[in-house]
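Asks: Per UniProt numbering, residue 1 is the first one in the sequence shown, and the count goes up by one each step.
Derived from the structure by calculation, the hints contain no laboratory data.
A couple of the hints might just be wrong.
[Said to hold, decoys possible] Derived Cβ-Cβ restraints for the label pairs, each shown as a range: (1) Asp47 <-> Gly20: 34 to 44 Å; (2) Cys120 <-> His63: 15 to 25 Å; (3) Pro21 <-> Asp47: 18 to 28 Å.
[Said to hold, decoys possible] With a Cα cut of at most 30 Å, we get these calculated DSBU-like pairs of lysine-lysine: (4) Lys15 <-> Lys108; (5) Lys74 <-> Lys15; (6) Lys74 <-> Lys108; (7) Lys105 <-> Lys74; (8) Lys15 <-> Lys105.
All C-beta atoms in this analysis are idealised placements derived from N, C-alpha and C, irrespective of residue type, glycine included.
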Amino acid sequence: MLAVKGGGGGNRNAKGMPIGPDGQRPWSHGLCTCTEDCGLFCRACCDPCVIYGRNKQRYEYLHLYGIPDTQNGKGETGDDACQRHAWITCFFGSGWVFQIPLRAKLRKRYGIRGSCMGDCCSSSFCQPCALAQESRELALEEESLRARGVV
Numbered sequence: 001m002l003a004v005k006g007g008g009g010g011n012r013n014a015k016g017m018p019i020g021p022d023g024q025r026p027w028s029h030g031l032c033t034c035t036e037d038c039g040l041f042c043r044a045c046c047d048p049c050v051i052y053g054r055n056k057q058r059y060e061y062l063h064l065y066g067i068p069d070t071q072n073g074k075g076e077t078g079d080d081a082c083q084r085h086a087w088i089t090c091f092f093g094s095g096w097v098f099q100i101p102l103r104a105k106l107r108k109r110y111g112i113r114g115s116c117m118g119d120c121c122s123s124s125f126c127q128p129c130a131l132a133q134e135s136r137e138l139a140l141e142e143e144s145l146r147a148r149g150v151v
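Input sequences plus hints: build the corresponding full structure.
Replies: See below:
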C-alpha cells in the first residue's frame with residue numbers, strides 16, 4: 001500500500017489496487033463504472049459544476065489538513081469553484097478544462113497511472129464519468145480516516 005506522505009491523510013490505496021514497477025496504480029473505480037453510484041452520476045450529468053466544486057474543496061481540505069472536509073465540499077471554496085465552472089460552461093461550453101488540473105492532482109496524491117492527455121480526454125469526452133470517478137477516489141480516503149476515528 002502507498003504510505004501516507006507529509007500532509008497526513010488516510011489510506012491512499014484503500015482497495016489495495018496493484019502497484020506497478022513504476023510505483024503507480026490504476027484508479028480504484030473504472031471510468032465506466034460511474035453508474036455504480038447512480039445518484040452521484042446523475043448529479044454529475046445535471047450539475048457538473050456542483051460535483052467539481054465539491055471535489056475541489058474535498059481535495060484541498062485533505063491536502064491541507066489531512067482529514068475529511070467537515071462540510072463535505074459544500075463550503076465557500078467549493079462554491080467559488082462551482083461558479084467559475086458554471087460560468088465557463090454557460091458561455092463557452094468548456095467548464096471541463098478546470099477538471100484537468102484537479103484530476104492531475106488527484107492522480108499524483110493517490111499514485112494513479114495516467115497522463116495530462118488522458119486527463120484532458122476523460123474530462124472533455126466523459127465529464128460526468130470523470131467527476132464521479134474522482135469523487136469516489138476521494139471518498140475512499142475519507143472513509144479510511146473516518147474508520148480510524150480521525151474525524
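Asks: Take the hints in turn and mark each one as holding or not.
Replies: Checked hints:
no., hint, verdict
1, Asp47 <-> Gly20: 34 to 44 Å, "holds, 35 Å"
2, Cys120 <-> His63: 15 to 25 Å, "holds, 22 Å"
3, Pro21 <-> Asp47: 18 to 28 Å, "violated, 40 Å"
4, Lys15 <-> Lys108, "holds, 17 Å"
5, Lys74 <-> Lys15, "holds, 26 Å"
6, Lys74 <-> Lys108, "holds, 24 Å"
7, Lys105 <-> Lys74, "holds, 20 Å"
8, Lys15 <-> Lys105, "holds, 19 Å"
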